[in-house]
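S.K.: Chain residues, written in single-letter form:
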Amino acid sequence: MQLAPGRAPLFPVPMLITLVLLLSTPLWVARAGLYQYLALEIMIWVLFALGYNLLLGFTGLPSFGHGAFFGVGAYAFGLLQLRVWPNLWFDLLGAVLVTAALGAAVAAFISHRRGIYYALLTIAFGQIFWFVANKWHTVTGGEDGLLNIKRLPADFGFVSFDLASNNALFFFCLALFTAVLIALWRLIHSPLGRILSAIKQNETRAAFVGYNVWLYKWLAFTVSTAVAGLAGALFAMAQQSAYPNVMSLHTSGFVVMMVLIGGGLVSFWGPVIGATFFILARDLLGAYTETWLLWYGLIFMAMVLFKPEGVAGVWQAWKGRPRKAPVATRAGDVL
Amino acid sequence: MKLFEAHGLSKRFGAQMVLQDITLGFEEGQLTGIMGPNGAGKTTCFNVLTGRYKPDRGRVTFAGEDITGLSPREIARKGISRSFQIMNLFDSYTALGNVLVAMPHVRRQGFNAWRDLGADTTAQQMAAAVLERVGLKGKEYVLASSLPYGQRRALEIGVALAAEPRMLFLDEPTAGLGAEGTARLMDLVRELKRQLTIVIIEHDMNFLFRLADQILVIHWGQVITQGTPAELRQNEWVQRSNLGALA
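Same order as they appear, the protein sequences are chains A and B.
Under the numbering used here, the first residue of the first sequence carries the number 1, and numbering increases by one thereafter.
Under the numbering used here, the first residue of the second sequence carries the number 1001, and numbering increases by one thereafter.
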């Protein structure tokens, strides 16, 4: 992971582009032949993928069962709303906390592992959650899922916003998205983020310079599931339902494909590109053919074979191509 | 009492007894060399002393405190640092980044997720000073993976030093270095010797005999002899090895 030297910009260019593009969608999305809900969905998936990439790209831990936590967030939001207290803040915060708690519990079982063993354990845990969602009819509604999840109003006390329309929900989610985006951007440049990346590069050495590697891996997993929980909760609101498919192995696979195609292994912004590309491909390719996923899968395979660093990697290679005398690396390139 | 002591250490891998009842001690401020043929158990001994492996039997104490069986992290935090024979660097970080993450100053803010480490000029100056100490001034922003071999060796020591240790274990620091690199390393170790307690595994006997206050010879998983360089020159085992030409 290449990281800029010195002070990281507070609002880097890709962040501004992302936010301006999202913010302006109501102005142009219809003219581009798309619809506002699509922008909302893209944003939610980008959020999920960014949190996931903290684990995969930055800490080097392959979780292939992360869809489960997206789903847990969706179910937790729905259940809290339907059974406990239909208050947006309570339900959102609750969904994040419930997901993070389950994530923390799973992380406790897997954080002493790495590589393929780690990946297999995450799949196993992911399948457990999926199974429970499918079979625990009285709570989860089984295969039908939870219906009638409401887009509750955002009540600030002195003023309350109705989020029932796609536009209103979009702007509400954009606000949360921005906050998480900034927090994650800060995180990867913070001591914590640098240490996570050091652990990815060399776990043994990290332990020998005095880090509690287990605890950092546990924390990375937990934080990334908390973000997944938030994304899942917003997704439940967007879809006005939660169903087992959301936490299936498919969802877990999708987020991996998003992150890898976008270039999450080499860039913080990879997941933004990848998730956008994925959802657009689903809608645009999907309009022509039922088998869009086949074509998408082929693109994915080609990418992994020929350019495993993804779109962001292609961009970096182009930007960093040697111009005059190639130095070992541009002075001051990387932490 | 010695700063670092081990009593009756044994370690077995399967049927093979790799360390047999090793007892040794390192005086504060001294440089101890460990030599012996390949497969004698030198690196295993290091790994047991620095917490990578737990000994099957025996006791290790540091500054009077029992550290037997502690994890590498706990041992590192007590002020014991080590370098590796097979290099263990953070390859995607620059030389400066490698030193930065190894510093206690950064470790203490390890759970800070908000502050920009790149803006921590104090930390960067401290890291740059460590690099200067190991002769890597000017290489701060070169990726560890792009450094030439000799400089990677120096960085290996830099990362170990970054932890501000009281005691430093170096595993074959001259391995693969040319004459010039070895000479430079010798200067560095001579410099460090005044400030730290150092233990070095080394095949280059010339290097050891010039620097060490005390030398241990390990063979068949045991300390077969020990003494000052002058004493060891008289030792039969040492004379029969390839030392004669060098010393």
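There may be inaccurate statements among the hints.
[As the list claims (entries may be wrong)] Estimated spans, in silico, between C-beta atoms of each pair:
1) 113(A) x 1014(B): 19 to 25 angstroms
2) 171(A) x 1114(B): 22 to 28 angstroms
3) 167(A) x 1108(B): 43 to 49 angstroms
4) 1203(B) x 297(A): 33 to 39 angstroms
5) 284(A) x 1129(B): 52 to 58 angstroms
6) 167(A) x 1119(B): 35 to 41 angstroms
7) 1175(B) x 215(A): 18 to 24 angstroms
8) 1176(B) x 23(A): 53 to 59 angstroms
Everything labelled a hint here was simulated from the structure, so no lab data went into it.
Values in this document were obtained by computation on a predicted structure and should not be read as measured data.
For glycine and all other residues, C-beta sits at the position ideal for the given N, C-alpha and C.
S.K.: If a hint holds in the structure, say so; if it does not, say that too.
M.R.: Against the structure, the hints:
1. Against the hinted window of 19 to 25 angstroms, the Cβ-Cβ separation of residue 113(A) and residue 1014(B) comes to about 23 angstroms, which satisfies the hint.
2. Distance hint for residue 171(A) and residue 1114(B): a CB-CB separation of about 26 angstroms, consistent with the stated range 22 to 28 angstroms.
3. In this structure the hint that residue 167(A) and residue 1108(B) lie 43 to 49 angstroms apart at CB holds, the actual value being about 47 angstroms.
4. Roughly 53 angstroms separates the CB atoms of residue 1203(B) and residue 297(A), a value that falls outside the hinted 33 to 39 angstroms.
5. Range check, residue 284(A) to residue 1129(B): about 55 angstroms between beta-carbon atoms, so the 52 to 58 angstroms window is met.
6. A hinted range of 35 to 41 angstroms for the beta carbons of residue 167(A) and residue 1119(B) is consistent with their spacing of about 38 angstroms.
7. A C-beta distance of roughly 33 angstroms is found between residue 1175(B) and residue 215(A), which places it outside the suggested range of 18 to 24 angstroms.
8. A beta carbon spacing of about 56 angstroms between residue 1176(B) and residue 23(A) agrees with the range 53 to 59 angstroms that was offered as a hint.
In terms of the numbered hints stated before, the structure departs from hints 4, 7, listed from lowest to highest.
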